[in-house]
Amino acid sequence: MGDTFDLLVAAARATAARGARTGGAMAGVDGQAGPDPRVAELVARVRDWATALVVAESQGMAPLAAREVLRLPGDGLDGDARALLTEAARRATVAALDATCELAAVAEALRAAGVAALPYKGPALALDAFGDVAARQFADLDIVVPADE
0 MGDTFDLLVA AARATAARGA RTGGAMAGVD GQAGPDPRVA ELVARVRDWA TALVVAESQG
60 MAPLAAREVL RLPGDGLDGD ARALLTEAAR RATVAALDAT CELAAVAEAL RAAGVAALPY
120 KGPALALDAF GDVAARQFAD LDIVVPADE
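Numbering-wise, numbering that gives the first Met the number 0 puts 102 at position 103 of the sequence shown, and it's gapless, one number per residue.
Think of the hints as simulated: they come from the structure by calculation, not from any bench.
Glycine is no exception: its CB is placed at the ideal position from the N, C-alpha and C atoms.
Treat the hints loosely; a few may be bogus.
To be verified - Label-pair ranges, simulated between beta-carbon atoms:
1) Q58 x E101: 22 to 30 angstroms
2) E56 x A112: 34 to 42 angstroms
3) A49 x Y119: 27 to 35 angstroms
4) E56 x R12: 14 to 22 angstroms
Could you build all of it, start to finish, from the sequences and the hints given here?
Below you can see the structure in the form of structure tokens.
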């Protein structure tokens, strides 16, 4: 399991570094930079992708890890692992976009009612940290409002 956690850390670092190099929102998904060599090294150690994905999901990192691994050349993964990771990334993207739309609707309703609101964690954190709302999993939406509101 240590290799899986190391892979998650390497994937997060690679995504964040790519975003820092390209500077700004959506930088982590721009496709400009190639795969990270540390990620490739750790992928070669994974023997059970279903278990690795469960571990990644338990940490809210499945979509980010899946995307980073899928950046590797085709020979780095067998077809079953590639399909498993592709489906995990797809599911997470759909869920993140649905939740982000809901967050936008709630934030707009609060704004229209004159309530100051600040999205917190969830898609806001994923966008800030990785340039992509679908880079991390989240189970709820958090909004900070002034106590007197």
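These are the hints, each one checked on the structure:
{"no.": "1", "hint": "Q58 x E101: 22 to 30 angstroms", "verdict": "holds, 23 angstroms"}
{"no.": "2", "hint": "E56 x A112: 34 to 42 angstroms", "verdict": "holds, 36 angstroms"}
{"no.": "3", "hint": "A49 x Y119: 27 to 35 angstroms", "verdict": "holds, 33 angstroms"}
{"no.": "4", "hint": "E56 x R12: 14 to 22 angstroms", "verdict": "holds, 19 angstroms"}
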